[in-house]
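My request is simple: use the sequences and hints to build the entire structure.
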Amino acid sequence: MADNDHADVVRLPFERAIEELESIVKRLEEGKVPLEESVLIYERGEALKRRCEELLRLAEARVEKITLDSSGKPIGTEPLDVK
Amino acid sequence: MTTLLVTHSACLNHLTPAGHPERPDRLRAIERALEGERFQNLARVEAPAASLETIALCHPMDYVTAIRDATPQNGLAQLDADTSMSPGSFEAALRAAGGAVFAVDEVIAGKARNAFVATRPPGHHTEIARPMGFCLFNNAAVAARHAQKEHGIARAAVIDFDVHHGNGSQDIFWSDATVMYGSTHQMPLYPGTGAKNERGEHDTIVNAPLRPGDGGVKFREAFESVILPRLRDFAPELIVISAGFDAHMRDPLANLNLLESDFEWGTRKLMEVADKYAQGRVVSVLEGGYDLQGLANSAAAHVAALMQG
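Chains as they are written, first to last, in this note's numbering: chain A, 1 to 83; chain B, 84 to 392.
Hints listed in this document are in silico derivations from the structure and should not be mistaken for laboratory results.
Mixed in with the good hints, there may be bad ones.
Here are the simulated DSBU-like pairs of lysine-lysine, each with C-alpha atoms no more than 30 Å apart in a straight line [what the hints assert, rightly or not]:
no., chain 1, residue 1, chain 2, residue 2
1, B, Lys352, A, Lys32
2, B, Lys301, A, Lys32
3, B, Lys352, A, Lys26
4, B, Lys232, B, Lys352
Interface residues of chain A toward chain B, partial, derived using beta-carbon atoms under 10 Å [what the hints assert, rightly or not]:
no., residue
5, Arg27
6, Glu29
7, Glu36
8, Tyr42
9, Glu43
10, Glu46
All C-beta atoms, glycine included, are put in the ideal place defined by N, C-alpha and C.
Below, the structure written as structure tokens:
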């Protein structure tokens, strides 16, 4: 039911996404979320987790690209297709 | 011997805000599902109202009277973000608890083999002195304590397969070595309790959390490897089921993927333990379940299993 409710998440920078995710985890663990909203908040947390994982994957790929392409020295950060 | 179906029309008069998932139509959907031919042998009875003293077996009398006094003359009184009362709520709550208590009396007297109590408001989130999560009195817990006090049941078990953890039942039985509380539920989810390491003072609390997305295979694994072995070790003389059907895949309030056949399977497994240790005595009390079709079909599968004995 919340499939389209988290469209903004795919544009969040890593810092914002992880900050909101941490806040959601804390609220769920403390039981401070109303029953009716609990599943929606959990699903937003899932969307945030996926966003963070995607950004981390991209960052790892970029680091790897630099490592592989440099012959001793970094040569830049050209985009890498990681699909 | 027969299976008892305990209901009362007063439970339809517990009204909740517009759009609230815990709504009177839940009971109507179950009632319709149990009208079919295969349910014609159910012994249908009306739930009596519990006395305040009986409810006080699990909740302080001050709490019981505070709930009574919170009943609005008209409109709704909001008790927390999820939980509210309408003018008909107090009677509904008395009959929800009373239905479970009556079912215990009938089953222990041997007048029925087992029972399903289709009432609302639900109960398993109600802590010792705190209403929450759509719940006012802890019906299943009151039924278990009543069985102990009035019928000399030494060990009662409350097994809860509602998708939410029964924090209230856990709270009530935390220090009680004579009642086992076992639960499968989704984590993380409301109310946030129910981790494996929450075991009670006497190791009689048994939590088997499931992960979002888990379905029948994981549910059955949790039952087979955690809940049932502990239940057999405990050797209960009565099993009360907190029967929530919101772990169904259609349910809007959670992310588990159980099917009707999983509820039927779980019911049969609990009946097998009851047959061995508890003379078959099972009293099942409705908790959650918010997709009307998933709820009705699952409750029907559950009751059909109870009848098959």
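Tested hints:
| no. | hint | in the structure |
| --- | --- | --- |
| 1 | Lys352/B <-> Lys32/A | violated (34 Å) |
| 2 | Lys301/B <-> Lys32/A | holds (27 Å) |
| 3 | Lys352/B <-> Lys26/A | violated (36 Å) |
| 4 | Lys232/B <-> Lys352/B | holds (27 Å) |
| 5 | Arg27 | holds (8 Å) |
| 6 | Glu29 | holds (6 Å) |
| 7 | Glu36 | holds (6 Å) |
| 8 | Tyr42 | holds (6 Å) |
| 9 | Glu43 | holds (8 Å) |
| 10 | Glu46 | holds (7 Å) |
In the structure shown, a violation is registered for the earlier hints numbered 1 and 3, in ascending order.
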